[in-house]
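Undergrad: Each chain, letter by letter, is given below.
2 protein chains.
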Amino acid sequence: MTFTGWLKMANRNVEIICVGNELLIGKTLNTNAHWLAKRITSLGLTVNRITVVGDNLNDISAIIKEAIQRTPCFIITTGGLGPTFDDMTLEGIAKGLGRELEENQEAMDMVRKKYERYVAEGRIDKYEMTPYRKKMAKLPKDAMPLPNPVGTAPGVLINESQVKIIVLPGVPSEMMAIFDESVAPIMRKNSGDLMFFEASLDVKEMPESQLAPLIDEVMRDNPYIYIKSHPQASEKVPHLELHLSTTSIDPKIARQRMSKAIVQISEMIKGKGGKVKPIMS
Amino acid sequence: MTFTGWLKMANRNVEIICVGNELLIGKTLNTNAHWLAKRITSLGLTVNRITVVGDNLNDISAIIKEAIQRTPCFIITTGGLGPTFDDMTLEGIAKGLGRELEENQEAMDMVRKKYERYVAEGRIDKYEMTPYRKKMAKLPKDAMPLPNPVGTAPGVLINESQVKIIVLPGVPSEMMAIFDESVAPIMRKNSGDLMFFEASLDVKEMPESQLAPLIDEVMRDNPYIYIKSHPQASEKVPHLELHLSTTSIDPKIARQRMSKAIVQISEMIKGKGGKVKPIMS
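Chains as they are written, first to last, in our numbering: chain R, 43 to 323; chain P, 43 to 323.
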């Protein structure tokens, strides 16, 4: 049973969709996907797929349709929520779901209050509710805005049968703030208290091809532990990071299982002449 | 006409597929996709989609089938080429394409020569061609191995009707070395000498919602120029990066077009009380 297969049983599956040409031309490193994947995993859910598409209506609506068909419990999107012409994530999602895009009163109030505060703080002189600003409050029908504690465009929650679609901005500070304030509490409910545990070992003087059969054996003996080897930059001496992980609702059981596997693989590596030590993080 | 739509005309489309649980649990930041996207864009091709899937046979074969159906000119995969149990990219691709996986003599010679060199260099004492090592030379039928100048597992090139599938390792130094040595020359032929040009402006004291109509106007006047605004971390004063890009086979024409658009948008921003200056990189 593979790591992914095992967690699939309870549908804790999550897909991340990042929207932005800047990611496809290699201008921007996708730290949003990395941050979200780490947080979602630590909340006990499983990220099965991450997709990056451009600021293009057809591409956004296509990936939403595809992801819905795989019926994850959550789809999280980032990017494309601002006021400019190429911010079209909500329009793309509405198209993908076959819903109308309509002015959402709650979202409009959120956007208006933001501009009132910007004026009060002297960040801008005055404001008008231009079409460019109203755009940030046009949501797919029956969507719910999520407050943005640090920026203007609200996040959005859409229920599509069993799938919760969560739409977040691309600016990292805004994406993280909305996630922590509004998304993490919803996800925690879905994870059923499952937690993710991990540990790493530093292995030297043993090539990956010699380590491979040892990993196979330890994973056979420890069915709840997933082990993956990560070769480090080429050196004269073979050098790898061995990453062990498991999920459990009980930290004590998780620690026992991890310890058993770590002791077993460490002794096997030493027995074959390799060097091994824990990596503290 | 959008940026993506415009380049689609000549099928210079590329999809990147990254395989690895470490990306889905947020252990590893996907610098491979970023590096590839930048290099491929600079070679005059267009990355349309980046997908990350786990070390899972069904997920790998599914994404390969999906990507093939979108008929890009290239599919580039990274990760899952090593000797361990969860290195299954080639098996997943073979499954997705309905091809057999078979020992490739050329790949086997490449792997064997690597181990002979490791012994000669004193990195390992001796070697045997274990099943774990032979695995790196098992390729989908009619595939071609690409030499790996810095690691053990060769890259792979597979022709599937009009789509070239290029399979690269996940270790960044190996991925980059094979790309530069074997992949870039093939891609350059496909790009028809098209080049990518970009420039950035630093814009202050103008909120994105006020900039949005100016971008619309300048893009209408400059149909070959794509402009995207990137809000910077929240500050008291609004702060954005404005990224302008175009592609052309003629650097002189590209520079003229870029200059015209930069001058126009800069004057409009200043006229509305904003501050603008070029960002030198």
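Hints in this document: simulated from the structure, not taken from any laboratory. Hints should not be assumed to be uniformly reliable.
One copy or two, it doesn't matter: identical chains are merged, so the pair holds either way.
[Claimed, not checked] In silico SDA-like pairs for lysine to any residue, Cα to Cα no more than 25 angstroms straight-line:
1) 206 with 104
2) 246 with 318
3) 183 with 223
4) 137 with 308
5) 312 with 151
6) 69 with 214
7) 137 with 113
8) 246 with 215
9) 69 with 215
10) 176 with 116
11) 80 with 314
12) 69 with 219
13) 183 with 239
14) 156 with 258
15) 137 with 111
16) 231 with 143
17) 183 with 319
18) 319 with 68
19) 137 with 155
20) 107 with 139
21) 206 with 241
Undergrad: Hints broken by the structure, by number, lowest first?
TA: 4, 5, 10, 11, 13, 16, 17, 19 and 21
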